[in-house]
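Peer 1: Sequence:
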Amino acid sequence: MKKRIVKITGMALTLMVLFTGALAPNKAYAADESAKYLKGAKLEIGLDGTNDAGAEVIIGMYSNKKGDKILYINDGKNHAYTSYTTQSGYSADVGNYQDIYVNDAPIYRYCVINKVPYIITDTADMFTCQYMDAYEMSQIMSYD
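Going left to right, the sequence shown walks through residues 0 to 143 as numbering that gives the first Met the number 0 numbers them.
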């Protein structure tokens, strides 16, 4: 009788965990976070880049109908959503570029050289990038 009660209790606890979603709360939180920041926003540019040392950065530049610009940054360890502004310019070494500002400080320079997109950090670290579409960006954000 005691073994039967233990088995029934174990089965009941297993079912409770499965049906309450206790096994996958991280995915729900990740989806909630991206939905909170990016509701109604459209991806303008999505980039996945690596530098010579093998470090990775993923950047998504979004805008919504109100004109708000939202930047998604993932460095492989952490991620963040923040508002941003851009300023266009030209230099002889990279051609046309866009400086990406957060809190009035430039943090990234986005440019395209010979049809290859690059991100250059404020510390002159250069990331060779490939473009990402909205679906690919959403898949990355769902695991943050």
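Wrong hints could be hidden among the right ones.
Stated by the list, open to error - Result set (DSS-like, lysine-lysine): computed pairs, CA atoms no more than 25 Å apart in a straight line:
1. K65 to K35
2. K64 to K35
3. K68 to K38
4. K68 to K35
5. K35 to K114
6. K76 to K114
7. K114 to K64
8. K41 to K65
9. K64 to K38
10. K38 to K65
11. K41 to K64
None of these hints come from the bench; they were simulated from the model.
In this text the structure is predicted, and so the values were computed from the model without any measurement.
Peer 1: Against this structure, judge whether each hint is valid.
Peer 2: Results of checking the hints against the structure:
A distance of roughly 15 Å separates the Cα atoms of K65 and K35; the hinted pair therefore holds under the 25 Å criterion. Straight-line distance between C-alpha atoms of K64 and K35 comes to about 15 Å, which keeps the hinted pair within the 25 Å bound. Restraint check for K68 and K38: the C-alpha separation of about 12 Å stays at or below 25 Å, so the hint holds. Of the supplied pair hints, the one linking K68 and K35 holds, its CA atoms being roughly 14 Å apart against a limit of 25 Å.
A threshold of 25 Å between alpha carbons decides the hint, and for K35 with K114 the separation of about 34 Å lies outside it, so the pair is violated. Proposed proximity of K76 and K114 is contradicted: the alpha carbons are some 28 Å apart, above 25 Å. For the hint linking K114 to K64, the alpha-carbon distance of about 29 Å lies beyond 25 Å, and the restraint is violated. Distance restraint check for K41 and K65: the Cα-Cα separation of roughly 11 Å lies within the 25 Å cut-off, and the hinted pair is therefore satisfied.
Between K64 and K38 the CA atoms are separated by roughly 10 Å; this keeps the pair inside 25 Å, and the hint holds. Distance hint between K38 and K65 is fulfilled; the C-alpha atoms sit about 11 Å from each other, no more than 25 Å. Restraint check for K41 and K64: satisfied, since their Cα atoms lie roughly 9 Å apart, inside the 25 Å limit.
In the structure shown, a violation is registered for the earlier hints numbered 5, 6 and 7, in ascending order.
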